[in-house]
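With chain U's structure known, arrange chain V on it following the hints.
Going down the list, the sequences are from chains U and V.
With the first letter of the first sequence counted as 1, position 312 gets the number 312 in the numbering used here; the numbers rise by one all the way through.
With the first letter of the second sequence counted as 1, position 34 gets the number 34 in the numbering used here; the numbers rise by one all the way through.
Bear in mind the hints are in silico, worked out from the structure with no lab data behind them.
Warning: the hint list may mix true and false statements.
Residues from chain V that face chain U, not an exhaustive set, calculated with beta carbons under 8 Å [what the hints assert, rightly or not]:
#	residue
1	G110
2	A342
3	T397
Here a beta-carbon is modelled for each residue, glycine too, at the ideal position from N, C-alpha and C.
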Amino acid sequence: MNTLLFALRGAPAAQTSGPEFYVAFWMVVALTAYAFLGTADFGGGLWDLFATGPRADEWRRLIARAMGPVWEPNHVWLLFAVVLLFSGFPTVFSTLSVALFLPLHLVLLGIVLRGAAFVFRSYGPFDSTVGRVWASVFGAASIMTPFLLGVSLGAVSSGAIRVVGGAVQADLVRAMLSPFSLLVGLLTLMLGAYVAAVYLTLEGEGRVREDFRRLALWAGLTVAVLAAVLLPLMQRAVPWLAANLLHPRSLPLLLAGALSAALSAWALWTRRFHLARFTAVAEVITLFWGWSLAQFPYLVYPDLTLFNAAAPPRTLDFMLRIIPWGLAILLPSLFLLFRVFKGENPAVPEGRPPDGGNQEGRRSGPTV
Amino acid sequence: MSNLLAARFQMAFSLGFHMIFAALGVGMPLLLLIAEGLWLRTRRPHYLKLAKTWGKATGLTFAIGAVSGTALSFELGLLWPAFMGFAGIAVGPAFTVEGFAFFTEAIFIGLYLYGWKRLSPLAHWLTGIPVAIAGAASSVLVVAADAWMQNPLGADLLKANPAAVDPAGILFGNPTWPIMAIHSTLATYAATAFAVAGVYAWGALRGKKDAVRRSALRIVLVVGTLAAALMPITGDRSAKYAARFQPAKLAAMESQFQTEKGAPLRIGGWPDPETGEVRYAIELPKGLSFLAFGDFNAEVKGLDQFPRQDWPNVPVTHVSFQLMVAAGILMLAAVAWYWYVAWKRRGRELDNDLLLRILIGASPLGFLALETGWIVTEVGRQPWILYNVMRTSEAVTPNPHVLSTLVGFVALYLLLGLTLVWLLRRLSHEEAGLEAYGEGAAS
Numbered sequence: 001m002n003t004l005l006f007a008l009r010g011a012p013a014a015q016t017s018g019p020e021f022y023v024a025f026w027m028v029v030a031l032t033a034y035a036f037l038g039t040a041d042f043g044g045g046l047w048d049l050f051a052t053g054p055r056a057d058e059w060r061r062l063i064a065r066a067m068g069p070v071w072e073p074n075h076v077w078l079l080f081a082v083v084l085l086f087s088g089f090p091t092v093f094s095t096l097s098v099a100l101f102l103p104l105h106l107v108l109l110g111i112v113l114r115g116a117a118f119v120f121r122s123y124g125p126f127d128s129t130v131g132r133v134w135a136s137v138f139g140a141a142s143i144m145t146p147f148l149l150g151v152s153l154g155a156v157s158s159g160a161i162r163v164v165g166g167a168v169q170a171d172l173v174r175a176m177l178s179p180f181s182l183l184v185g186l187l188t189l190m191l192g193a194y195v196a197a198v199y200l201t202l203e204g205e206g207r208v209r210e211d212f213r214r215l216a217l218w219a220g221l222t223v224a225v226l227a228a229v230l231l232p233l234m235q236r237a238v239p240w241l242a243a244n245l246l247h248p249r250s251l252p253l254l255l256a257g258a259l260s261a262a263l264s265a266w267a268l269w270t271r272r273f274h275l276a277r278f279t280a281v282a283e284v285i286t287l288f289w290g291w292s293l294a295q296f297p298y299l300v301y302p303d304l305t306l307f308n309a310a311a312p313p314r315t316l317d318f319m320l321r322i323i324p325w326g327l328a329i330l331l332p333s334l335f336l337l338f339r340v341f342k343g344e345n346p347a348v349p350e351g352r353p354p355d356g357g358n359q360e361g362r363r364s365g366p367t368v
Numbered sequence: 001m002s003n004l005l006a007a008r009f010q011m012a013f014s015l016g017f018h019m020i021f022a023a024l025g026v027g028m029p030l031l032l033l034i035a036e037g038l039w040l041r042t043r044r045p046h047y048l049k050l051a052k053t054w055g056k057a058t059g060l061t062f063a064i065g066a067v068s069g070t071a072l073s074f075e076l077g078l079l080w081p082a083f084m085g086f087a088g089i090a091v092g093p094a095f096t097v098e099g100f101a102f103f104t105e106a107i108f109i110g111l112y113l114y115g116w117k118r119l120s121p122l123a124h125w126l127t128g129i130p131v132a133i134a135g136a137a138s139s140v141l142v143v144a145a146d147a148w149m150q151n152p153l154g155a156d157l158l159k160a161n162p163a164a165v166d167p168a169g170i171l172f173g174n175p176t177w178p179i180m181a182i183h184s185t186l187a188t189y190a191a192t193a194f195a196v197a198g199v200y201a202w203g204a205l206r207g208k209k210d211a212v213r214r215s216a217l218r219i220v221l222v223v224g225t226l227a228a229a230l231m232p233i234t235g236d237r238s239a240k241y242a243a244r245f246q247p248a249k250l251a252a253m254e255s256q257f258q259t260e261k262g263a264p265l266r267i268g269g270w271p272d273p274e275t276g277e278v279r280y281a282i283e284l285p286k287g288l289s290f291l292a293f294g295d296f297n298a299e300v301k302g303l304d305q306f307p308r309q310d311w312p313n314v315p316v317t318h319v320s321f322q323l324m325v326a327a328g329i330l331m332l333a334a335v336a337w338y339w340y341v342a343w344k345r346r347g348r349e350l351d352n353d354l355l356l357r358i359l360i361g362a363s364p365l366g367f368l369a370l371e372t373g374w375i376v377t378e379v380g381r382q383p384w385i386l387y388n389v390m391r392t393s394e395a396v397t398p399n400p401h402v403l404s405t406l407v408g409f410v411a412l413y414l415l416l417g418l419t420l421v422w423l424l425r426r427l428s429h430e431e432a433g434l435e436a437y438g439e440g441a442a443s
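The shape of chain V in the complex, shown without the other chains:
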């Protein structure tokens, strides 16, 4: 394996792993706030059980997110020293602000997780608010750095005369940032909600059809429905930006090898970059032109407009994009079914085994969409680390040992993942004591 490929795999693996925990770090605090808020309002004990159990799960996953995120901040330089040497001054401000957001999240999550008995009920609930806000802010800010790599505003000036560059302007004035940030952050809520929903559907299917499970599903699916319903809108906007700023990426996402007016939307299929054909795809005539430019006859740039060495990996980008879209549609379908059953059965939705099976099946879809969407964004950006400015191959470390560190990281993260799953499976609501806060709660 070449050094470049090993470095790309290490980055992909480290980020793909971290992303799971980062997403939970954004999504879980919101669920905690809702559950504990409902407990404060209604004083019905099952809400407290939920908040406490979710709190324990969050404590575990947040720590893994924190340490793997720290590893990433080093890996940016370890794997891509030339990129960080050149672009550190441009992406640095995003990470500086994000650093504060993450710091705030870490402080308040400590207060939240360990403060049940040391804070008054209201104060305890309030400590959850900065956690939720800072988590979302971290996500939005990290995406600013990534959005700049997709659309490196002012990079020419950065090359010619770095002193003249306004770092905040190029970073936060980037038109692709807001929509990417919203889309990715919504994806973290959807991923968290659907994953948690699967856990409770599984429990209910095995006979645990109590108020705890019912409320849990209701809470997470309200969040999941909102996120899943908004994501097609933000996704559509993101694709339009890709069409404008990264036409090669859009062409790879849609396997558009030839430039054409009235380009069709290809659903599914397997592209062959050698022959320029897409096999087994369903084509909706003029669909892509409409989706990308709002005009059925608009011209869509094909990969033929770009030299072969500037193409991203077409099959990976195309298939990931198809999977992401499919996951998004299936999530919508699953929540639509849930609300239909809940309405039809007047709240006895846990008795519908088909629904529970659907929710279990939908459980990984949020994370699938998150990961594949991210693959579309980053693999679709290749061969550039900084779109049209710096090639990934120019940025990679000269150190010849990347293969060893890649193997090490894969082994390390697999070990952590396995242990974590084992520990999460041991968590149960029955264990969560009901004594809350400081009020007569000596254990």
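So that you can see chain U by itself, here it is in the shape it has in the complex:
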């Protein structure tokens, strides 16, 4: 928090100490967690869809096993951010709901299909026609959803969603289909694909691990190219955001993100997989925080800010009192979950559902 306040030192003190600022802070925390956990699950879906070669089935099983116990909690971070948004900034929620009516419905379609297809496939017969159809649905929905979420993030900054005299006026084409928004969508998708492949190097072993190392390197390269195109494009399309990103309050985070990305790629190259995972997570976090700070104080540029769209202080205070209690239950529970399924653990058979389905997965070694 102190670092954050330090980073915001340009802003008047009153702006960074009010309850709306802290509710927004928690919202960004939830979205950050979603960015490096939830998008990785989508990335898993992408690799599932594009699994090719002699070990395609092994990839798919590895992805299913890695996602199984954690995808639902990972997904709740998004729900949590939405709830914070409509409680803390109701005007923003209703504005986006009106402006992005169709795209958000498509996001919902993706969310519902992705989750449903994943369980249908894990519990159903893996090799039947129905299983294959749901597997494709799982992959397709895993691509559509993060892409559209990224495009929506771009739309929020695009300036094409306006609130004039209390009425929402949206130019959906400019908001969603501008090169800028589309590129943000692609970047979101590929970042997810990158972190997913990096995580999977630690879940698999032997040749499968090498496969995911290779995929991660390609995805990382794509991310770098997309980011390199995005920055100059941004200066033309959304100059205010580009200027903020290069402002001293965001720039250090942006640079840290770039450094983490480079380090992560190097670690992958040299097969330091733990370091690669750590730096990949750092990359997503620093880039997301850099972006969030650049966005400050706008929630929907240029009409809705943290301050003019916030709920009254008593609602915000109530939420701020509740959140620490909630986290006191949540964080130890999450720790337990990841410790049991992702941490050091004696080699035990599948973390699949109890005798789930009729797929005969390979025994996995210690995952870490």
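Leaving out everything else, chain V in the frame of chain U:
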């Protein structure tokens, strides 16, 4: 179809679908805890079979509940932006707390479903406890938001001076909340129990009369009996609150068109809002006055006290209410028959085919009661989204494409429902391996 009607249908369909899985998400964890607890105590293998098979079913249904619930959190705003813009600060706290409960449930259900071989037996059983508690807590908290829509305490202040509103006070200090929350949560247990009982009765009727089926029926019907026995009490209290806080809803539930002292209780029948008559109903003299106010001669407000444009849809509310009550009574009758047969036959109740047929017939009644009860609550609240404060028509999205999204959602959920039924039918106890936990259980 008008935009408003399409939006109402989309909301109704999405919620009605989600509710099935939400109810199972509350009810199934309790059944799992009981079955696995009995296994730990007795080490009789059929309890383990039950826990494992129910666990698989829960894994499937919980995921559908989770994603359809996420969809709903968006749909609240997508369909009713003006409502969420106005009331988000009031209902938000309920969803914030509920968010944590749901999060906890999702984490521990992951541990429970995938942790059979990674946790010790006791630890595994213990992970089920937060699932059951958080599931029930979610239900109670979501109902807080709905109860506030029925009885929007402090909404005038919210309109005049939002900054002065105490959100937790108006939300959790609402007198209608506790009884609505208990009634709805009991309904989820009843719905789960009766649905599961039907599955086992069906199996037994086809010759599978083993210890697995017998224990399964015993466990679920203990839960079902408790829920079904308590629900008339909470239901009676809920109706009394409706009489006090939402007289137009009570009048629609009972088709009380005219204000009257000593109003009769109408059982069944079809109301005609144009003529104000109820055809084919059985009337119990002064019954409604007594049930609503505890006084046979109390005055019950009729719909004539309200302008016509403020009436809910009377036939839908009335018929749903009748169905809910009938389902509740039939559930009680079914469990009473079950316990009678079990006592009479000294535990050989599976040999009584009539009983099995009754249980199969009673199988959907819990869900019928849950859905119709919810229809009574929400359709009976119309034309208000926020009772007496904001009309549903004022809240609806200006976007003209609701009909398309409605069609899309109906198609999507039908597809999911069909696939799910197909997968659930494939689950069987014979498949559930007996190796439990980490103890020498390499597969």
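Hints, verified against the model:
Against a cut-off of 8 Å between C-beta atoms, the interface hint on G110/V holds, since the closest Cβ of chain U lies about 4 Å away. The closest approach between the C-beta of A342/V and any C-beta of chain U is roughly 30 Å, which is over the 8 Å cut-off, so the hint fails. Interface hint status for T397/V: upheld, as the beta-carbon distance to the closest one in chain U is roughly 6 Å, under 8 Å.
Of the hints listed earlier, the one the structure fails to meet is number 2.
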